Amino acid sequence: DGGITQSPKYLFRKEGQNVTLSCEQNLNHDAMYWYRQDPGQGLRLIYYSQIVNDFQKGDIAEGYSVSREKKESFPLTVTSAQKNPTAFYLCASSIDLPGDHYGYTFGSGTRLTVV
Amino acid sequence: AQSVTQPDIHITVSEGASLELRCNYSYGATPYLFWYVQSPGQGLQLLLKYFSGDTLVQGIKGFEAEFKRSQSSFNLRKPSVHWSDAAEYFCAVDGVPGNTPLVFGKGTRLSVIA
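Residue numbers (the working numbering), protein chains in the order written: chain A, 1 to 115; chain B, 116 to 229.
Keep in mind the hints are simulated off the structure, nothing from the lab. You can take every hint at face value.
Which residues of chain A face chain B? A few of them, derived with a C-beta cut under 8 Å, are:
hint: 1; residue: 33
hint: 2; residue: 40
hint: 3; residue: 103
No experiment lies behind these values; they were computed from the predicted model shown. Don't be surprised by glycine CBs; every beta carbon is placed ideally from N, CA and C.
Kindly produce the complete structure, drawing on both the sequences and the hints.
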């Protein structure tokens, strides 16, 4: 079945460490997105990518980095510069940007906890 | 910039009762509108979408939504709520200018009581 796989589901990180969250899709979608979700804040866009080797900052990109070397993969690195990284992270994809006609397909998320 | 408002943070309904979740957007033209549902600890699932035609849209799980241009609204409804509908619901609208990501509301959490 086609879909988006995020791994790991739970991740613990020590303060000062970088950590990379994986997002892989086999839907042949061109566009991919990373969102951060905190209670009561909804979904906040971190980065998005319309095509391989291209990505754009979202509303809260500071302290995060991404790469898009393959169409299927869009990993997110949470760096030590991110002041409050504990959150639920969601990856999504769409056929194209902005995904108007068909909407987004979401992964099941990664919960990151800084200890 | 485009924005989406979901005025209700949390709603509690009895099982079997009807449901309406509110969504208002700011946009000049006819937008593309979406409703998503999220179960705890999970990703979002698309319930329904609207971008043209009939203003009453049917979705999965027995949900429907009505686009009202005069009120800039796209409210989600269900005639009879089941306990399994307890979840968080997000309204989304296409971004402005074109070729920018969808804009999501902050969500409405639905609780269902017996």
